[in-house]
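Asker: Chains F and H, in that order, are what the protein sequence lines are.
With positions in the first sequence counted from 1, the corresponding number in this note's numbering is that position plus 6.
With positions in the second sequence counted from 1, the corresponding number in this note's numbering is that position plus 186.
For the record, the hints were derived by calculation from the structure and aren't laboratory data.
Please note that a few of the clues may not be correct.
Computed Cβ-Cβ distance ranges for the label pairs, DEER-style [unchecked claim]: (1) ILE242(H) x THR676(F): 51 to 57 Å; (2) ASP219(H) x MET7(F): 22 to 28 Å; (3) TRP283(F) x ASP216(H): 49 to 55 Å.
SDA-like cross-link-like pairs, simulated, lysine to any residue; straight-line CA separation at most 25 Å [stated by the list, open to error]: (4) LYS154(F) x SER214(H); (5) LYS192(H) x PHE94(F); (6) LYS579(F) x ILE674(F); (7) LYS89(F) x GLU205(H).
Model, not experiment: these values are computed from the prediction.
No residue lacks a Cβ here, since even glycine has one placed at the ideal position from N, Cα and C.
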Amino acid sequence: MLSKAVIEHVFEQYHSLELVDVLQKLVIKNGNHFTLSIAEDFDNMLESKTEQSDQYIIDWVLSLEDSKSVLARFLYVRSIVRKGRGYFPEAVNHLESLIKSVSQPEPFLLLHLIRLLVRMELFSEAASYLKQALSSSPHYSFYIKSEKIINKILLSGQFKSRKSIKLAILGSSTTSFLVPVIQAYCFRAGIHAHIYEGGYNSYRQEILDPQSGLHTFKPDAVAIILNHRDLALPPMNNEDIPINSAEELRNLWNVLQRQSPCHIVQVGFDTPSYSAWGTLEDTSDGGRARTIGKINSLLSKNLPAGVSFLDMNRVALHCGQNFHSSVDWYQNKQYPSLEALPVLAEYLDSHIRAAFGYTAKVLVLDLDNTLWGGVIGEDGLSGIKLGAPSAEGEAYLDLQQYAKELQLRGILLAVCSKNNHEDALLPFIEHDSMILKRDDIILFKANWQDKASNIKEIAQELSLGLDSIVFLDDNPLERAWVRSSLPDVIVPECGNTPWGMLTSLRQGKYFESVTLTEEDANRHKSYKSNLSRKEDESKHSTIEGFLTGLEMVAESGSVNDMVLSRVTQLINKTNQFNLTTRRYSQEQVRMMSESSEWGTWWFRLKDKFGDHGLIGVILVSKKVDVWHIDSFLMSCRVLGRKMERSMMSDVIRAAYNENVKTIVSEYIPTAKNSLVDNVYIELGFKQKEIENSFIYHIEPTNDYECGYIRSNDSITKD
Amino acid sequence: MNDNIKIRNVFREVFDDDEMIILDSTSSNDIEDWDSVAHIKLVLSLEQEFSIRLTIDEVASIKTVDDFKQSISRHLESVG
Numbered sequence: 007m008l009s010k011a012v013i014e015h016v017f018e019q020y021h022s023l024e025l026v027d028v029l030q031k032l033v034i035k036n037g038n039h040f041t042l043s044i045a046e047d048f049d050n051m052l053e054s055k056t057e058q059s060d061q062y063i064i065d066w067v068l069s070l071e072d073s074k075s076v077l078a079r080f081l082y083v084r085s086i087v088r089k090g091r092g093y094f095p096e097a098v099n100h101l102e103s104l105i106k107s108v109s110q111p112e113p114f115l116l117l118h119l120i121r122l123l124v125r126m127e128l129f130s131e132a133a134s135y136l137k138q139a140l141s142s143s144p145h146y147s148f149y150i151k152s153e154k155i156i157n158k159i160l161l162s163g164q165f166k167s168r169k170s171i172k173l174a175i176l177g178s179s180t181t182s183f184l185v186p187v188i189q190a191y192c193f194r195a196g197i198h199a200h201i202y203e204g205g206y207n208s209y210r211q212e213i214l215d216p217q218s219g220l221h222t223f224k225p226d227a228v229a230i231i232l233n234h235r236d237l238a239l240p241p242m243n244n245e246d247i248p249i250n251s252a253e254e255l256r257n258l259w260n261v262l263q264r265q266s267p268c269h270i271v272q273v274g275f276d277t278p279s280y281s282a283w284g285t286l287e288d289t290s291d292g293g294r295a296r297t298i299g300k301i302n303s304l305l306s307k308n309l310p311a312g313v314s315f316l317d318m319n320r321v322a323l324h325c326g327q328n329f330h331s332s333v334d335w336y337q338n339k340q341y342p343s344l345e346a347l348p349v350l351a352e353y354l355d356s357h358i359r360a361a362f363g364y365t366a367k368v369l370v371l372d373l374d375n376t377l378w379g380g381v382i383g384e385d386g387l388s389g390i391k392l393g394a395p396s397a398e399g400e401a402y403l404d405l406q407q408y409a410k411e412l413q414l415r416g417i418l419l420a421v422c423s424k425n426n427h428e429d430a431l432l433p434f435i436e437h438d439s440m441i442l443k444r445d446d447i448i449l450f451k452a453n454w455q456d457k458a459s460n461i462k463e464i465a466q467e468l469s470l471g472l473d474s475i476v477f478l479d480d481n482p483l484e485r486a487w488v489r490s491s492l493p494d495v496i497v498p499e500c501g502n503t504p505w506g507m508l509t510s511l512r513q514g515k516y517f518e519s520v521t522l523t524e525e526d527a528n529r530h531k532s533y534k535s536n537l538s539r540k541e542d543e544s545k546h547s548t549i550e551g552f553l554t555g556l557e558m559v560a561e562s563g564s565v566n567d568m569v570l571s572r573v574t575q576l577i578n579k580t581n582q583f584n585l586t587t588r589r590y591s592q593e594q595v596r597m598m599s600e601s602s603e604w605g606t607w608w609f610r611l612k613d614k615f616g617d618h619g620l621i622g623v624i625l626v627s628k629k630v631d632v633w634h635i636d637s638f639l640m641s642c643r644v645l646g647r648k649m650e651r652s653m654m655s656d657v658i659r660a661a662y663n664e665n666v667k668t669i670v671s672e673y674i675p676t677a678k679n680s681l682v683d684n685v686y687i688e689l690g691f692k693q694k695e696i697e698n699s700f701i702y703h704i705e706p707t708n709d710y711e712c713g714y715i716r717s718n719d720s721i722t723k724d
Numbered sequence: 187m188n189d190n191i192k193i194r195n196v197f198r199e200v201f202d203d204d205e206m207i208i209l210d211s212t213s214s215n216d217i218e219d220w221d222s223v224a225h226i227k228l229v230l231s232l233e234q235e236f237s238i239r240l241t242i243d244e245v246a247s248i249k250t251v252d253d254f255k256q257s258i259s260r261h262l263e264s265v266g
């Protein structure tokens, strides 16, 4: 293995032709066994020689173009980059092929390519490599180096973000170093974050003063980052401290949301690693560690709408010793340490994704060497490793257990495996150790088709977007294939061991959720009966007969606290049947529901197969004589059963009863909602003749009805 | 000197300016973006590049590129 000392020695000892000769040998011998930092050192030496116009070296480096050695090709690329802009395209080609030839490219190597692409203003290509680099959770210094690059990509307008949010970071310690990291994590998730940093340790003033920078910024989300030092706890305390500290923060949340409706991520207090009184701090009632535990539990208990709690001790657990750095604290008032920031940002990002509805919904699993060790088609039922006594076998069980627990929370599980269907099913039916049963798997694709096509089918059959799918596979080739053919699918770089796969699944926090609704827990059942409904659908000869046969009953009501979290979830998650795709925070929805200028409806659908739960929302902005339909959306679970007509009939009849003259509606096209481009015409609205816009209107009547769905009038709008 | 090139490249990376010219006398007054946060970012990146750790005093007193060079070479000597 090449070392820095060797390189330095060679450059000191040899000159001109002799140096070239030695370097050539070094590169051939060590060309594929070196670290990036050694290669960069090497390159720095060459750069200095080039600046001294050492023609021997200049010619030698240019001769490395066709070398088989990775190191040589890297040095060649760097040298032509130095020659200037005209050489960039060639450098990009070389770097790309070099990166493809290594199995897991280092993020800092990718950064060389990303920087070039940005210089050439190829921003979307740069963005996709940057996402790849970020997916391997690089060291903190990566975020320093990528900060300006990310800003350039965001400013270019060529980055297609799923969402743009205004995020405020308030803290009792320095927050400046967190900004580039959280920016990068949001970027990785396709979110363009506009970030406001509160004044140093002035989170109270920012929240309490209605004229503060925070309130002027009008944040969509606010992170409040505090630490144990803020509490200034002595080893032993008086019993009132926990209640008082928690009360103060809860009161601040309230003030903040009244002034600026937003989602709040409250970071909990960490337990300090020091304890002068030792275990007494843990065991005595007023002990320091025990008091912090009490405060955290008071903070996280019965969280109000639109607030989530991030347990800092989880971040600490993840970082271990590196969580705290004395130098960072005393020198920069940075807490936790700089090295811990990527982990903290990962958690913050998962809360933001969850709060705004960008949570994955399906876990697609490979089988052989992913759910069990070995290949079922070759090793047979007794040959595969699953459960004790095999160490690996036990780890595969843990992975299955994790998937099962996700499923219990409403995450759908699907299988995508290159296998004979019967072979693949065998363990699910006959292996005693299997935790996952055939019934837990919503769709089972075991065939010889390529995996990208299978995953596409899974998305279509479940009526879900590709970006709500996470694909877990031990095989790097399959991962690369799915990643390149379906870039929206989330493919964790998970290695090929069961514990590696489990860790990457946990760390990615793709399925994070900040609230648990009844619908979540029943989702698997609901999709399941939906699939059998689809089968039923094909058995019925006419759609009318099928719809009548479903015995559908709809319920509706105006939005209240009981349904608030589910309604917000739908507003933020629904992409396809969504006429305007306007997103609102829980706070905003609550304010609408309490306002006389708004009409807010939720809808629920049941049929003979089961209860679909709350599946639709309509928000109406009411003016005298005219109602504007601000939002009209429906879960894809109930597509194709005229539910939209039943929903609209409730609104139209309500408008008729309030003597409204016209209902105006609009359709705002997005990449995902072309499904509904004709919905208003189908519902009997008339289109206004305005070019390039989709505005419709209808006159309220009292005989607008949906033939197939009976309304359950027991719940009416109050 | 190779170290000069390394230091220059770190500056170029942190400030994302490929053509940035760095002189020994260049100080935070000459580079608009060189504020206290950027200063720590430079410190961190240079520490990583040279596998050293500067002291709190050094970090506080460094004002110019030359100050960085002096501190870095002091640390490299004490290691080597």
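Asker: Holds or violated: LYS579(F) and ILE674(F), Cα atoms, limit 25 Å.
Answerer: Distance ~16 Å between LYS579(F) and ILE674(F) Cα, so the pair holds.
Asker: Would you check the hint for LYS192(H) and PHE94(F), treating anything up to 25 Å between C-alpha atoms as holding?
Answerer: It holds: about 22 Å lies between the C-alpha atoms, which stays within 25 Å.
Asker: Does the alpha-carbon distance linking LYS154(F) and SER214(H) stay inside the 25 Å limit?
Answerer: holds, 19 Å
Asker: Do the alpha carbons of LYS89(F) and GLU205(H) lie within 25 Å of each other, as the hint requires?
Answerer: holds, 12 Å
Asker: That 22 to 28 Å hint for ASP219(H) and MET7(F) (C-beta), does it hold up?
Answerer: violated, 38 Å
Asker: Are ILE242(H) and THR676(F) spaced within 51 to 57 Å by their CB atoms?
Answerer: holds, 52 Å
Asker: Mind checking the hinted window 49 to 55 Å against the Cβ distance between TRP283(F) and ASP216(H)?
Answerer: holds, 52 Å
Hint 2 from the list above is the single one not met by this structure.
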